[in-house]
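The lines below spell out each chain.
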Amino acid sequence: MTWLSSFALASAGLIAAAANFIFIKPRATYGAPSRFLIGKPEDFPSGTRISLDAHRVCVVRDGNKLAAISTTCTHLGCIVGVADTGFACPCHGSRYDQDGNVTGGPAPKALPWYQVTLAPNGELQIDTNVQINSGTYYNV
Amino acid sequence: MKTLLEFPRTVWDSVFRHPLPDSDLGRSQTSFTNFFLHIHPVKVNRHTLKPLYTLGLGLMSFFLFVILVFTGILLMFYYVPSTTQAYDRMLDLRGTVAFGTFLRNMHRWSAHGMVAIVAFHMARVFLTGSYKKPREFNWIIGVGLFLVTLFLSFTGYLLPWDQLAYWAITVGTSIAGYAPVIGKDIKFLLLGDNTVGQEALLRFYVLHVAVLPAVLTLLIAIHFWRIRKDGGLSRPPEADELPLRLAASTGPSMAITVNATPMQLDTAPKKEKRQFGLMGIVRGPFTKTGNTPDNSVYSWPNLLTAELFVFILTVAIILVLALCFQAPLEEPVNISHPPNPAKAPWYFLGLQELVSYSAFWGGVGIPGIEVLILFLCPFLDRKPGGVGKWFAKERMLPNTLFMTFAILNVMFVIVGTVFRGPNWEFVSPW
Numbered sequence: 001m002t003w004l005s006s007f008a009l010a011s012a013g014l015i016a017a018a019a020n021f022i023f024i025k026p027r028a029t030y031g032a033p034s035r036f037l038i039g040k041p042e043d044f045p046s047g048t049r050i051s052l053d054a055h056r057v058c059v060v061r062d063g064n065k066l067a068a069i070s071t072t073c074t075h076l077g078c079i080v081g082v083a084d085t086g087f088a089c090p091c092h093g094s095r096y097d098q099d100g101n102v103t104g105g106p107a108p109k110a111l112p113w114y115q116v117t118l119a120p121n122g123e124l125q126i127d128t129n130v131q132i133n134s135g136t137y138y139n140v
Numbered sequence: 001m002k003t004l005l006e007f008p009r010t011v012w013d014s015v016f017r018h019p020l021p022d023s024d025l026g027r028s029q030t031s032f033t034n035f036f037l038h039i040h041p042v043k044v045n046r047h048t049l050k051p052l053y054t055l056g057l058g059l060m061s062f063f064l065f066v067i068l069v070f071t072g073i074l075l076m077f078y079y080v081p082s083t084t085q086a087y088d089r090m091l092d093l094r095g096t097v098a099f100g101t102f103l104r105n106m107h108r109w110s111a112h113g114m115v116a117i118v119a120f121h122m123a124r125v126f127l128t129g130s131y132k133k134p135r136e137f138n139w140i141i142g143v144g145l146f147l148v149t150l151f152l153s154f155t156g157y158l159l160p161w162d163q164l165a166y167w168a169i170t171v172g173t174s175i176a177g178y179a180p181v182i183g184k185d186i187k188f189l190l191l192g193d194n195t196v197g198q199e200a201l202l203r204f205y206v207l208h209v210a211v212l213p214a215v216l217t218l219l220i221a222i223h224f225w226r227i228r229k230d231g232g233l234s235r236p237p238e239a240d241e242l243p244l245r246l247a248a249s250t251g252p253s254m255a256i257t258v259n260a261t262p263m264q265l266d267t268a269p270k271k272e273k274r275q276f277g278l279m280g281i282v283r284g285p286f287t288k289t290g291n292t293p294d295n296s297v298y299s300w301p302n303l304l305t306a307e308l309f310v311f312i313l314t315v316a317i318i319l320v321l322a323l324c325f326q327a328p329l330e331e332p333v334n335i336s337h338p339p340n341p342a343k344a345p346w347y348f349l350g351l352q353e354l355v356s357y358s359a360f361w362g363g364v365g366i367p368g369i370e371v372l373i374l375f376l377c378p379f380l381d382r383k384p385g386g387v388g389k390w391f392a393k394e395r396m397l398p399n400t401l402f403m404t405f406a407i408l409n410v411m412f413v414i415v416g417t418v419f420r421g422p423n424w425e426f427v428s429p430w
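Chains A and B supply the protein sequences, listed in that same order.
Numbered according to this note's numbering, the first sequence terminates at residue 140, and the numbering increases by one at each position without gaps.
Numbered according to this note's numbering, the second sequence terminates at residue 430, and the numbering increases by one at each position without gaps.
Bound-form chain A, shown alone (with noise of 0.2 Å):
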């Protein structure tokens, strides 16, 4: 009896704190959606490097070559600053080169590189849970 009823209260205690962690995790968020628009291609004329902060989001053409380089630091996410050689992180000193390989700091792997389609009605897309190699362009 003793042992049937601490069975019970321990397998309700487990299926209570299972249950208040399945409660605390969202399902939905409320943030930044993770696929945005962002202008004509013709808006980036080749040599561009523009960074959408809010996007934390880097823009990169080079003649018909687009492509979307991740400006969230890899080591703890602030915002890496566009510089001569790259990419730098105020934060803790990462710095990365042209492709955001790193180059110095202590950022443990590249900055990823994000997908870029054309929407229909013709603007340039970027979906941030989708992530393709490095060196991959978006053919303009």
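Please note that a few of the clues may not be correct.
To be verified - Pairs of lysine-lysine, DSSO-like flavour, derived with a Cα cap of 30 Å:
id: 1; chain 1: B; residue 1: Lys229; chain 2: B; residue 2: Lys389
id: 2; chain 1: B; residue 1: Lys187; chain 2: A; residue 2: Lys109
id: 3; chain 1: B; residue 1: Lys383; chain 2: A; residue 2: Lys25
id: 4; chain 1: B; residue 1: Lys343; chain 2: A; residue 2: Lys109
id: 5; chain 1: B; residue 1: Lys389; chain 2: A; residue 2: Lys25
id: 6; chain 1: B; residue 1: Lys383; chain 2: B; residue 2: Lys393
id: 7; chain 1: B; residue 1: Lys393; chain 2: A; residue 2: Lys109
id: 8; chain 1: A; residue 1: Lys25; chain 2: B; residue 2: Lys187
Note that these hints are calculated values from the structure, not bench results.
Start from chain A and add chain B according to the hints.
What follows is chain B alone, placed relative to chain A:
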């Protein structure tokens, strides 16, 4: 008419069951029958009252927590945990709320003070060997209290919703994300989203004003209760021995210790019936019934005046700090421009300095191992002796190790605070 005249007196007597004590019995009853005083023992050892032994650090931490709860509840009347309103409410505290700046200053400086004093308290307990048997469990509770205090500061840091808040929490939760296996989930649960935003602000608010204070209160209650049950504050064995002249004059003891140590049981007359006082059974040869001469004095008024002194001192220091120094408030959050350098509060700058070498080892690995060692202290260092003395000779090795770690951590804090400039590059403050 007579009844009417005596009415105030009747009410007074119904609340306070005893007049101010003038006898030993009265002094015991004062501690026993008052709700707020019954947490105290009736008598305390003289050694416990030595100001240079405890430095009053544990009490100070507790009183700082009381100030924090008091000012915190008042601040809650004007605060809204919303990304669009929080910062404006900070400005309102400065501009329109009566005593707003003052209360915020008190809250901020008490919070910083509490982190520092709790750390000092921990150092005191370690350096006097006070975590040894039977106080092992209370040391563990104490380490828990230290961690909850840090987490309370951390969650409070986001609430002003200024630049410092936003980027310190971005960095802090990213550190949590480096924890193995569950790191990403912890980060997501803390933030309620992928980045710091409205969800994170609400979550940190709930943790800061409800969950963590409740946990802290519970742990404090256990911590205090265990002090009593473990036989009062730690002290050297000599502190329980009678001064020679007293011991010589008493002859065989008539009183029985409530829970005698084995040695005393052997020498006590066997036929005598053991009596158990209302104090209950407490470990150690401390609580006694009857008028056994010993090294203890009545808590009322000896302990209470000491506590009152620490309380007044704590409040006075916080009032002066709050009058002289303004709690910083930076620019409102700009999610596209981290300040350069983005620095956490001073007590996390040691961590941030470590993190600038390696995110995993600096943010998770080394602190994790340090906390684990802290928790296991009483079980790693099992050599008895050296309890109740600052820097006891018998405890040379553990004390040296502890001081080395403490100084290393403080050095990292100093380097992170003073010697790091833009891009976390080494700068000289001179």
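In ascending order, which of the hints set out earlier in this document are inconsistent with the structure?
As far as the earlier hints go, 3, 5 and 7 are violated by this structure, in ascending order.
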